[in-house]
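Novice: As a plain string of letters, each chain reads:
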Amino acid sequence: DTGVSQDPRHKITKRGQNVTFRCDPISEHNRLYWYRQTLGQGPEFLTYFQNEAQLEKSRLLSDRFSAERPKGSFSTLEIQRTEQGDSAMYLCASSLALGGLEAFFGQGTRLTVV
Amino acid sequence: TQLLEQSPQFLSIQEGENLTVYCNSSSVFSSLQWYRQEPGEGPVLLVTVVTGGEVKKLKRLTFQFGDARKDSSLHITAAQPGDTGLYLCAGPHGSSNTGKLIFGQGTTLQVKP
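Protein chains in written order, with the working numbering: chain A, 1 to 114; chain R, 1 to 113.
For the record, the hints were derived by calculation from the structure and aren't laboratory data. Just so you know, these numbers come straight off a predicted model, no measurement behind them. Keep in mind that a hint or two might mislead.
Stated by the list, open to error - Okay, derived cross-link-like pairs now, DMTMM-like style, lysine to aspartate or glutamate, Cα gap no bigger than 20 Å in a straight line:
| id | chain 1 | residue 1 | chain 2 | residue 2 |
| --- | --- | --- | --- | --- |
| 1 | R | Lys100 | A | Glu28 |
| 2 | A | Lys11 | R | Glu41 |
| 3 | A | Lys57 | A | Asp86 |
| 4 | R | Lys100 | A | Glu52 |
| 5 | R | Lys100 | A | Glu44 |
| 6 | R | Lys59 | R | Glu38 |
| 7 | R | Lys100 | A | Asp24 |
| 8 | R | Lys57 | A | Glu102 |
To be verified - Each pair of labels, with its calculated beta carbon distance range:
| id | chain 1 | residue 1 | chain 2 | residue 2 | range |
| --- | --- | --- | --- | --- | --- |
| 9 | R | Gly53 | A | Glu28 | 28 to 34 Å |
| 10 | R | Phe10 | A | Glu83 | 25 to 31 Å |
| 11 | A | Leu96 | R | Thr51 | 18 to 24 Å |
| 12 | R | Lys59 | A | Ser73 | 33 to 39 Å |
| 13 | R | Asp67 | A | Glu83 | 43 to 49 Å |
| 14 | A | Arg9 | R | Val28 | 34 to 40 Å |
| 15 | R | Phe10 | A | Gln54 | 32 to 38 Å |
| 16 | R | Phe10 | A | Leu60 | 24 to 30 Å |
| 17 | R | Ser27 | A | Leu96 | 21 to 27 Å |
| 18 | A | Glu83 | R | Gly53 | 42 to 48 Å |
| 19 | A | Leu60 | R | Val44 | 22 to 28 Å |
| 20 | A | Glu56 | R | Val50 | 19 to 25 Å |
Claimed, not checked - Going by beta-carbon spacing under 8 Å, a handful of chain A positions derived as facing chain R:
| id | residue |
| --- | --- |
| 21 | Arg31 |
| 22 | Tyr33 |
| 23 | Pro43 |
| 24 | Phe45 |
| 25 | Glu56 |
| 26 | Ser95 |
| 27 | Glu102 |
| 28 | Ala103 |
| 29 | Phe105 |
| 30 | Gly106 |
| 31 | Arg110 |
Cβ atoms here follow ideal geometry from the backbone N, Cα and C, with glycine treated the same way.
The whole structure should be built from the sequences, with the hints applied where relevant.
Specialist: Right under this line is the structure:
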């Protein structure tokens, strides 16, 4: 394992459908973050986990969004009843809680809602 | 509210030219990071600066952290087409050690051969 892995890389869905993305962090990293990035902008924080505990959620994360990290390993981000405004790149990052200044990002999942 | 403002937002230059990208805030940051992102990919960490006045060099890239730790710059010497991409500065959000980052809006660099 050499980095953060995200699946799928691309997802096209119809409005109203549910979608789920997966993130596998660097194996020894206990913190995992989800960010959303729209075209021409920097990533915006959505939520983060330390081990299996979800410690913070942004107000950007509406009730239609839910994230889990069972057993403190991989994480999933689910969007229910997708809307066109959900179209974005969803990025996952991981880091070490102690001395973890640096976060390492996955390649992202590009979601297009049509 | 912590904000990071990057300038310029877009930069198109010829191969061989020099350029500087700026990242400014009214807030003090304990550290700042610079990332480079290619289209359709995630950001890749280039450098972390932690000490006011610090200068770090990475080949043709020179990063500086302002003395007051409110700003940073990225200077590229003799830019090459391979430098093309979105350059992002980021800093830790708030004072708690959550590792959560806030990002600038990015600078899109295009280097023409």
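Novice: Against the earlier hints, flag every one the structure doesn't satisfy and list their numbers going up.
Specialist: Going through the list in order, the structure violates no hint and respects every one.
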